[in-house]
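Colleague: Spelled out from the first residue to the last, the chains are:
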Amino acid sequence: MTFPIFPSGEAGLVFAVLSGFGFGFVLERSGFGRAQKLVGQFYGYDLSVFKVMFTAVVTACLVVVVASVLGLTDFRLIADHATSETLLVPFAIGGALVGAGFVISGYCPGTAYVAMASGKIDGLVTVLGTIAGQVVWSELEWRPGFSTFHNATNLGNYYLWELLYLPDRAGPVIVAAAVVAMAAACFVFADRIERLLSDRADPLAQGTPGGRSRRVVLAGFAAVGLGSLAALLLPSGSEARAVETTRLSPAELAERVFDAPWTIRIVDVRSLADCTARRVPGAECVPEEDLQKLRLSEAEPARQLVIVGTEEGIPKEAEAYRGTLAVLRGGFGAWEGYAFTPPKPPAPGAPPAEVEAYRIQAGIQSALTGMKAAPPPPPPSAAPAGGPRKEGGGCSG
Amino acid sequence: MQRDPNRFWNPHLAGVALGLVLAGTYLVMGSGLGASGGSLRLGVAALQVVAPEHVESTPPLARAALAEHAHWLVYELFGVVLGGLVAAYTAGRLKREVLKGPRISTAGRLALALAGGLVMGIAAKITRGCASGQALSGGALLSVGSWVFFMSFFAGGYGLAWFVRREWR
Numbered sequence: 001m002t003f004p005i006f007p008s009g010e011a012g013l014v015f016a017v018l019s020g021f022g023f024g025f026v027l028e029r030s031g032f033g034r035a036q037k038l039v040g041q042f043y044g045y046d047l048s049v050f051k052v053m054f055t056a057v058v059t060a061c062l063v064v065v066v067a068s069v070l071g072l073t074d075f076r077l078i079a080d081h082a083t084s085e086t087l088l089v090p091f092a093i094g095g096a097l098v099g100a101g102f103v104i105s106g107y108c109p110g111t112a113y114v115a116m117a118s119g120k121i122d123g124l125v126t127v128l129g130t131i132a133g134q135v136v137w138s139e140l141e142w143r144p145g146f147s148t149f150h151n152a153t154n155l156g157n158y159y160l161w162e163l164l165y166l167p168d169r170a171g172p173v174i175v176a177a178a179v180v181a182m183a184a185a186c187f188v189f190a191d192r193i194e195r196l197l198s199d200r201a202d203p204l205a206q207g208t209p210g211g212r213s214r215r216v217v218l219a220g221f222a223a224v225g226l227g228s229l230a231a232l233l234l235p236s237g238s239e240a241r242a243v244e245t246t247r248l249s250p251a252e253l254a255e256r257v258f259d260a261p262w263t264i265r266i267v268d269v270r271s272l273a274d275c276t277a278r279r280v281p282g283a284e285c286v287p288e289e290d291l292q293k294l295r296l297s298e299a300e301p302a303r304q305l306v307i308v309g310t311e312e313g314i315p316k317e318a319e320a321y322r323g324t325l326a327v328l329r330g331g332f333g334a335w336e337g338y339a340f341t342p343p344k345p346p347a348p349g350a351p352p353a354e355v356e357a358y359r360i361q362a363g364i365q366s367a368l369t370g371m372k373a374a375p376p377p378p379p380p381s382a383a384p385a386g387g388p389r390k391e392g393g394g395c396s397g
Numbered sequence: 001m002q003r004d005p006n007r008f009w010n011p012h013l014a015g016v017a018l019g020l021v022l023a024g025t026y027l028v029m030g031s032g033l034g035a036s037g038g039s040l041r042l043g044v045a046a047l048q049v050v051a052p053e054h055v056e057s058t059p060p061l062a063r064a065a066l067a068e069h070a071h072w073l074v075y076e077l078f079g080v081v082l083g084g085l086v087a088a089y090t091a092g093r094l095k096r097e098v099l100k101g102p103r104i105s106t107a108g109r110l111a112l113a114l115a116g117g118l119v120m121g122i123a124a125k126i127t128r129g130c131a132s133g134q135a136l137s138g139g140a141l142l143s144v145g146s147w148v149f150f151m152s153f154f155a156g157g158y159g160l161a162w163f164v165r166r167e168w169r
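Sequence order for the protein chains is G and E.
Just so you know, we're using our numbering here: the first sequence kicks off at 1 and counts up by one.
Just so you know, we're using our numbering here: the second sequence kicks off at 1 and counts up by one.
By construction, these hints were calculated from the structure, which means they are not laboratory data.
Predicted model, so just to flag it, every value in this text is computed and none were measured.
Any given hint could turn out to be false.
Stated by the list, open to error - Sample of chain E residues facing chain G (criterion: CB under 8 Å; computed from the structure):
no.	residue
1	17
2	32
3	35
4	50
5	58
6	72
7	77
8	80
9	93
10	99
11	116
12	144
13	168
From the three backbone atoms N, C-alpha and C, an ideal C-beta is built for every residue, glycine too.
With the rest of the complex left out, here is chain E (with noise of 0.2 Å):
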């Protein structure tokens, strides 16, 4: 079969797959998916091996380094990288490069890659999850927080958008 790496699932087929293994996720673990609480705990993994003393002194460190669902999250974005890695190879996707318009040179293009995580990380913390967490898994069990974060994610970018539209076009 031809390998096509601009064809893509029917997002609506996808978005049931995609809710499926949510719902499996709730079913079984009680809990959903995420991306950010794993983060942390890798840049707390990191930090116990320069400044231990600081993880143990700082209480939002010491919380997410003896947490068992921070240990969790870690093993099930260990399974998001497999999972990327095996549908992107199978797809013909799989290809080192940098994503990015024709109009922003490679360098500007990581530098606004690093600032976009680095405000992304800072943000997530702030709303207890990113789009995985808290816009799709709590939005799915009806959590006001979650819509409330739905929507403001959505303003957001809609906002941002226009200023930053020589990145992408």
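Isolated chain G (complex conformation) (with noise of 0.2 Å):
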């Protein structure tokens, strides 16, 4: 994984420089620097906001989901850090307030900075309204009643292709080439509105057709678009796991099943016969051949999954896993000697490392093998009348 970069300190801080240069350049040569055609947006006549801001949406996911693609970074790792939360009641009637600042001002913030470096006093007064607002909302929003409102549904990282739940891996390249047939559709559709409506009388009341460029562009996006879905069918052999597996002994195992058992999410693929007749305790027996009805790569991560097989061999499947993965040593074999062998008790004065250990296997032992030595129920001979209780309850019968 070469990206992101995260550079240190003044690194960071020169290229932060840098990148808000070229934002801003592009910004002020798009014209929206200029209120009157930002707000043409919304009256029909200029439809720039719109093209800019999806042709740039549909190219900076792109080149995110070719990177991923090509094990260059991970999508989902970059997007987990630059978007925020999605709080869906705020961002809802929030979104619809900027939108209406935005027509209200002529800029949205950004903008608003460019206009101001072009010399717009409307743009500087912009600027000093939204540092003002900013200050206002946070000196409320953590008061009582405001946070409520202010962190209200929050359902987290939430992206597209979990919605339509979609593995991490495909999702970002299926969802960005719907993106893609989509922007097609609303650019043209653009062009028709901008003819109807502009202005030819007011220079200032014209949108900026698209034109050839909007057919190169579209057609550079669906090359690129269907290359990644293309690289999704090739086999992923270079896809290294970010995360090692860990090899649990028995004993560890044991430890964990007896001391943590919810850390642990234990899945035994051997054969369902073998399974159902000696597994680890509160292992779910689930065939190699069934594995993919677990859906691990959507499954909650927290726990780690443990593989029990017959030998030490990951399915593909559990490699989709998003938590830590660990692999009983030996497999099942190892698990059945140590199990189901009573251990040597420890001499007098053993460590206590050594006196836990044969706490855990003398459990574990007499666990799995006392209870099938145990004596089988009675006979039902003097069986309680049957039918339902009528009267009592609870722990009084």
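Two independent chains are provided; combine them into the complex using the hints.
Modeller: If you want it as structure tokens, here you go:
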């Protein structure tokens, strides 16, 4: 993984000025230092805001998608780092207010800085208003009542591909391809609307048509989108797991089963018959061929996934698990040797670690073999009278 | 070459250029571009001169004062202003003026600019980012919240446009 680079201190600040420069330069050259051109979006005579923004969204998205497909970065890693959490209600209401403020002031916060830089007094005033507004809400957002709204309906980091139940690797590529198709339709439509509503007599009330560049850019998007989709179909042999798989010895696994069972999820991938006969306590019996039904790539990654098999292999479906992964060393055979053989009691004065190991192994051994050896329940000769009891209840029975 | 202030870049080519700048920022810094976070940091800087104790006792302001990323965003904003200045100068658009429609006074336009800025400032804090930080930077990374913002943003603009048409046309 090459990206992100995360440059330290001063290098990061130099890069901040550079990327800001590029941002400001392009915004100005798009005409976004001019309020009339920006609000044209909302009167229909100039849809440059939509065209520039949406083209930029698709471009940036595709660059990150391609970098992820090539293994240079991870889409989700960048997204988790760069995007905010999704707070449905505040975003829906706040978004509408930003739109309202946009059409009132003629700028969005970023373009107001560009307008200010190109000498527009109204841009400067908008910047001052924005700064004041940011401080005003910071004064309020943490106070009782306001904070309830400010933090309402928090869905955490939530992405379009998750909305569609797509996995982290393929999801961004598929959604990006869909967004390209959407962009193509929207851009053609936008040029039509502009032609209809622009005012030829007023140089300030005209759109900037997409023209031939629109086709070139869209063709480029389509090529990159399809290329990334095709790359998904290739076997991902080079794709190494970022996290090393831990190999748990039977003793380590037993300790986890006994002392912290909530930290692990054990999946036994042997055949159903073998697994139902004898298994690690708490293991789920899921034969390897049924493993995809667990949808491990989407499963809650909080617990460590422990694979128990006849051998030490990790099935492909399990590698998609987002949490940490472990495998039982030596497979189930090693477990049998450990859990079904009575351990030797430690000598008096043995170190506590040895006593502890004995405690766990003896516990496992008696739990697993003891139950088998227990006498069968007595035949129901004097079974209690059938039918539901009408009176009493709880513990009084 | 004749400079025509009414000539702009083709929107799609400009969009590709903007997208490449944005993608570069993702790949190097692991974060996007924005304008509201830096604005807050500037406001906090002003407050620190007037009332430093107040900044310390208000958690959101104190957080902004300490956050390394907010510091980074101020440098980025400085770059935005620099880039805007160079682009406006070289395109023949650097001129001190108030942009407005023919049917509104200068004072009225400036009052609305301030009011609009204030509304955006408040709203962009509620949405954890403005059009550049949320719609652009989050939208390109397919965040659901950013797309909700994107649609809501356009709905708000279209909803109010008719009422303020005298400001522009």
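Colleague: At a threshold of 8 Å, is the proposed contact between residue 93 (chain E) and chain G supported by beta-carbon distances?
Modeller: holds, 5 Å
Colleague: Does residue 32 (chain E) hold up as a contact with chain G if the rule is Cβ-Cβ below 8 Å?
Modeller: Check passed: Cβ of residue 32 (chain E) comes within 5 Å of chain G, closer than 8 Å.
Colleague: Checking hints one by one. Is residue 35 (chain E) an interface residue toward chain G, by the C-beta closer than 8 Å rule?
Modeller: Since the shortest Cβ distance to chain G is 4 Å, the answer is holds.
Colleague: Please verify that hint: residue 50 (chain E), Cβ, nearest Cβ of chain G, below 8 Å or not.
Modeller: violated, 11 Å
Colleague: Go through the hint on residue 168 (chain E) and say holds or violated, using the shortest Cβ distance to chain G against 8 Å.
Modeller: holds, 5 Å
Colleague: Measuring from the C-beta of residue 58 (chain E) to each C-beta in chain G, is the shortest one below 8 Å?
Modeller: holds, 6 Å
Colleague: Any CB of chain G closer than 8 Å to the CB of residue 17 (chain E)?
Modeller: holds, 5 Å
Colleague: Given a cut of 8 Å on the nearest C-beta pair, is the interface hint for residue 99 (chain E) held or broken against chain G?
Modeller: holds, 4 Å
Colleague: Is the interface hint satisfied for residue 77 (chain E)? The criterion is a beta-carbon contact with chain G at less than 8 Å.
Modeller: Status holds, d = 6 Å.
Colleague: Hint validation: residue 116 (chain E) versus chain G, beta carbon distance must be below 8 Å. Holds or violated?
Modeller: holds, 3 Å
Colleague: Does residue 80 (chain E) hold up as a contact with chain G if the rule is Cβ-Cβ below 8 Å?
Modeller: Nearest chain G Cβ about 4 Å off; hint holds.
Colleague: Can you verify the interface hint for residue 72 (chain E): is its Cβ closer than 8 Å to any Cβ in chain G?
Modeller: holds, 5 Å
Against the hints set out earlier in the document, a violation occurs for number 4 only.
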